[in-house]
Amino acid sequence: MSKLFSDKTKEVFLGPLSKNNPIAVQVLGICSALAVTAKLEPAIVMGLSVTIILAFSNVIISLLRNTIPNRIRIIVQLVVVAALVTVVSEILKAFAYDVSVQLSVYIGLIITNCILMGRLEAFAMSNRPWESFIDGLGNGLGYAWILVVVAFFRELLGAGTLFGLQIIPQSFYEAGYVNNGLMVMPPMALILVAVIIWVHRSINKELQEK
Amino acid sequence: MNTNNNSYTLLYATVMVVIVALVLALVSGSLKEKQTTNVELDKMKQILSSLNIDTKDQDAKALWKQYITDELVVNSTAEVVASPKVEAFDIVLKKELAKKLEERELPLFVANIDGAPKYVISVYGAGLWGPIWGYVALNEDKNTIYGTYFSHASETPGLGAEISAKPFQEKFVGKSILNDQREFLSVAVVKPGQSAEGQDYVDGISGGTITSKGVEKMLMDCLGQYEAYFKQSTEGGTAQ
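One line per chain: the protein sequences are V and H, in this order.
According to our numbering, the first sequence is numbered sequentially starting from 1.
According to our numbering, the second sequence is numbered sequentially starting from 1.
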């Protein structure tokens, strides 16, 4: 086990969760962070799908890394990701039709997620399969938790619900409380991500630019 | 091995494409049957849902047999097409809408709920980002709405996407699509607080105006095709 979870792999896994977070620090994958965070449920499923696909495409690219011709490496990476996403979407359609209907657009969107290309190019192309797998998990989860936090505030303040269940009591509305309509609009996600980055950098002072 | 070689690159790309195509074809081929069944079951569930039947965790096929008594194909002059090109259940409304009104073959499902016949009509239109569709169930008088079901491909979650939520769909129940003179008016979808002169209306979704208007247009266009069929019934309309 010591070999499986050496200090390096631990670093590879924990880094993206905080100090090297794909959204908060590298500002990658912002597009989907805006698109799927109006409700908590799709945000969680999107986070998990990205994590799984990222981990496996990382492994595949890492296994192939010594054979991939340099000039077409981006194409090879894209083909691997696109093939994986298609397979996952087909399997969902056959065995979990309800989920696939709910996620129709989001699954396809994974192909265009910048984090995938970023990790494949920066990590999987020069590391062994096991580390690449861990790196994929770490980055996927780092992406997922930001999405969940953003979606939590957007759904709570924008619709007064969580997972579609009413959270803010009816008496609040009777007393004059109004849902913040701006919260369900994409720009608010950007502002929330910015707030997260702000808080994150005040805690981790070494991340602040001079 | 020199991986920067032109012929190696070409060979690599070719082999990769063939392998990926093979894998995808295999996956798609082996799952095709299951997916088609799922799509059919889902369509049954959607239609049953417009009849206010709870289909969650139920055998849609059994419910379908229990409630749906007839699957008809009608044309715009209210004639039942005896030998339709496509069976009612397999009609793709999008394709029919592209044809001239006289040439369209339209599906009509007749259901029996507690002894009373209900007529289910399928509707298809455009929302803000992509297609929207649904089913509208009418009472025996072919005028008042018994239930609706709407869904969408890619409307904004929390805004336009709310058309697929029960609260929005229930607003249509009891509304009339014909007026006292039995003229077809459809049901308007208006901004909350506003009203529509001379016809029944429901409140649209705040922040989802384009999708709401899309629903209104979809109802107008698709229910309008059956206008002649609705007028067959002799009971008076009840629109204000």
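Among the clues, some could well be false.
Said to hold, decoys possible - Short, incomplete list of chain V residues facing chain H, as computed with Cβ under 7 Å:
no., residue
1, 14
2, 15
3, 70
4, 86
5, 90
6, 96
7, 160
8, 187
9, 194
Keep in mind that the hints were calculated from the coordinates and are not lab data.
For glycine and all other residues, C-beta sits at the position ideal for the given N, C-alpha and C.
Status of the hints after comparison with the structure:
Taking 7 Å as the C-beta cut-off, the interface hint given for residue 14 of chain V is violated, the closest approach to chain H being about 32 Å. The interface hint given for residue 15 of chain V is broken, as the beta carbon of that residue sits about 30 Å from the closest beta carbon of chain H, more than 7 Å. Against a cut-off of 7 Å between C-beta atoms, the interface hint on residue 70 of chain V holds, since the closest Cβ of chain H lies about 6 Å away. A cut of 7 Å between beta carbons decides the hint on residue 86 of chain V: the least distance to chain H is about 6 Å, and the hint holds.
Given hint, residue 90 of chain V at the interface with chain H, holds; its Cβ is 5 Å from that chain's nearest Cβ, closer than 7 Å. For residue 96 of chain V, the interface hint is violated, since its Cβ never comes within 7 Å of a Cβ in chain H; the closest pair sits about 9 Å apart. About 11 Å separates the beta-carbon of residue 160 of chain V from the nearest beta-carbon of chain H, more than 7 Å, and the hint is not met. Because the smallest distance between the Cβ of residue 187 of chain V and any Cβ of chain H comes to about 13 Å, over 7 Å, the interface hint for this residue is violated.
A hinted interface residue such as residue 194 of chain V counts as satisfied when its beta carbon comes closer than 7 Å to some beta carbon of chain H; here the least separation is about 20 Å, so the hint is violated.
Hints 1, 2, 6, 7, 8 and 9, counting from the list given before, are not met by this structure.
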